[in-house]
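Visitor: Next come the chains, spelled out residue by residue.
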Amino acid sequence: MAEMNQKQNFLKGIIKENPIFVMLLGMCPTLGVTSSAFNGLGMGVATLFVLLMSNIVVSLVKNLIPAKVRIPAFIIIIASFVTIVEMILEAFVPLLYEQLGIFIPLIVVNCIILGRAEAFASKNNVLSSIFDALGMGIGFVLALTILGSVREILGSGSLFGLIFLPETANTFILFILPPGAFIALAYLTVMFNRLTSKTT
Amino acid sequence: MMSKKESTFISMALSLLVITLISGFALGFVNDLTIEPKAKAKLERKINAIKLVLPEFDNNPVEARKLVKSELAKDSIEIYPAYKNNVFVGVAVIGSSEKGFSGLIKIMVGFKPDGTIQNIAVLEQKETPGLGTKIKDESFLQQFRDKNPSTFNLKVKKDGGEVDALTGATISSRAFTESAQLAFDELLINLDAISTSKQ
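First to last, the sequence lines map onto chains A and B.
Each residue of the first sequence is one higher than the one before, counting from 1 in the numbering used here.
Each residue of the second sequence is one higher than the one before, counting from 1 in the numbering used here.
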């Protein structure tokens, strides 16, 4: 029974409660950084890591924090992890840091992380919180990578930086620009929900 | 839900104090831990950029660095002269512009002794990924090589110059050419002093 629950905790974030396509959470980084598949993937992985760490810590300290100040306490925990990630990336993986530089501080205000801390980690034990974070995080990574891929293919005629159209070919630059993010997200959300509503 | 601690004034203040203290110490610790590797990584990036934009040299341009106060820019300008067998072979100048699509663009321009551009490397930028970030791409940078800004008009074609702007990123291209122009202007002001001074 317990094992079933963990599986559910893990899987729900990927399809049934996908943070992007179903819950529509964390729209700011989603729309802002997914102009290429690599950027989407990088942002997703960085968020996954912070989500995992914050879920673990929040579920550990959940009984020590008075209810009325839990939100500021969660934000301090999240912001600390984000800053630590930023410093470590800058020091030891400068190449990745250069690519993701401006996105990393944005993770603090990603409402998926605070949302999972408040809705799940503050009510469940550490193990469940880990599975919840992994599921939600992977769902977020997949959604961002798909959105980034679609925008990159349509907008710059390449995928993960590999150009497959001649440079002179006309691409839809609109899809790299912010309006294209809304359009691509809307169509992907429709398709995602169409597909998942059939299977369930 | 498990029993939570009661929210009294003291318990609230105390728990926030403890959390901020712990996170403060953790951040300070990580900062101490990473401050040296960070500086090293930054220096390495600079040295790599210098190697990229200058012809072969055998001195240490970072040590030979000159900082000049400039009326054209807010910060003082960094100039890295390069020598081979004590002969002046080129100089790297850092140019910057605040007019990028998201603020600061910083580039390093390598000049040959006659002022011709050897190569350009982008040091810092926050442009739109997939659009403005293409200022780092070979297809954009190659149009500056072996051009002398005294005859090559460093402005985008829209503004009457000779530079092909990036599609959809005219603002980034403009800021880039402005940075390059600044580097060239600084070079002209300081060229005599650099080329004559032995290292």
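Rather than coming from a laboratory, the hints here were simulated on the basis of the structure.
Everything numeric in this text was worked out from a predicted model, so none of it was measured.
Glycine included, each C-beta is placed from N, C-alpha and C at the ideal position.
Check the hints yourself; a few may be wrong.
Stated by the list, open to error - Derived DEER-like restraints, expressed as beta-carbon distance ranges: (1) Asp32/B / Gly161/A: 34 to 42 Å; (2) Lys16/A / Leu14/B: 23 to 31 Å; (3) Leu14/B / Leu177/A: 42 to 50 Å; (4) Leu11/A / Val62/B: 51 to 59 Å; (5) Phe25/B / Asn170/A: 52 to 60 Å; (6) Leu162/A / Gly103/B: 28 to 36 Å; (7) Val87/B / Leu162/A: 36 to 44 Å; (8) Lys51/B / Ser197/A: 38 to 46 Å; (9) Ser70/B / Asn170/A: 39 to 47 Å; (10) Glu56/B / Gly161/A: 27 to 35 Å; (11) Val68/B / Leu162/A: 38 to 46 Å.
Visitor: Could you run down the list of hints and mark each one as holding or not?
Guide: Consistency of the hints with the structure:
Between Asp32/B and Gly161/A the Cβ separation comes to about 36 Å, which falls inside the hinted range of 34 to 42 Å. Lys16/A and Leu14/B have their C-beta atoms about 40 Å apart, which leaves the hinted 23 to 31 Å range violated. As the Cβ distance of Leu14/B to Leu177/A is approximately 49 Å, the hint placing it in 42 to 50 Å holds. Between Leu11/A and Val62/B the beta carbons are some 53 Å apart, a value that agrees with the proposed interval 51 to 59 Å.
Distance hint for Phe25/B and Asn170/A: a CB-CB separation of about 55 Å, consistent with the stated range 52 to 60 Å. Taking the beta carbon of each, Leu162/A and Gly103/B are about 30 Å apart, inside 28 to 36 Å as hinted. At about 43 Å, the beta-carbon gap between Val87/B and Leu162/A stays in the expected band of 36 to 44 Å. Distance hint check for Lys51/B and Ser197/A: the Cβ-Cβ separation is about 57 Å, which falls outside the suggested range of 38 to 46 Å.
Between Ser70/B and Asn170/A, the C-beta spacing of about 42 Å keeps the proposed range 39 to 47 Å intact. Hint check: Glu56/B to Gly161/A, Cβ distance near 30 Å, so the stated range 27 to 35 Å holds. Between Val68/B and Leu162/A the CB atoms are about 43 Å apart, so this pair conforms to the stated range of 38 to 46 Å.
In summary, the numbered hints that this structure violates are 2 and 8.
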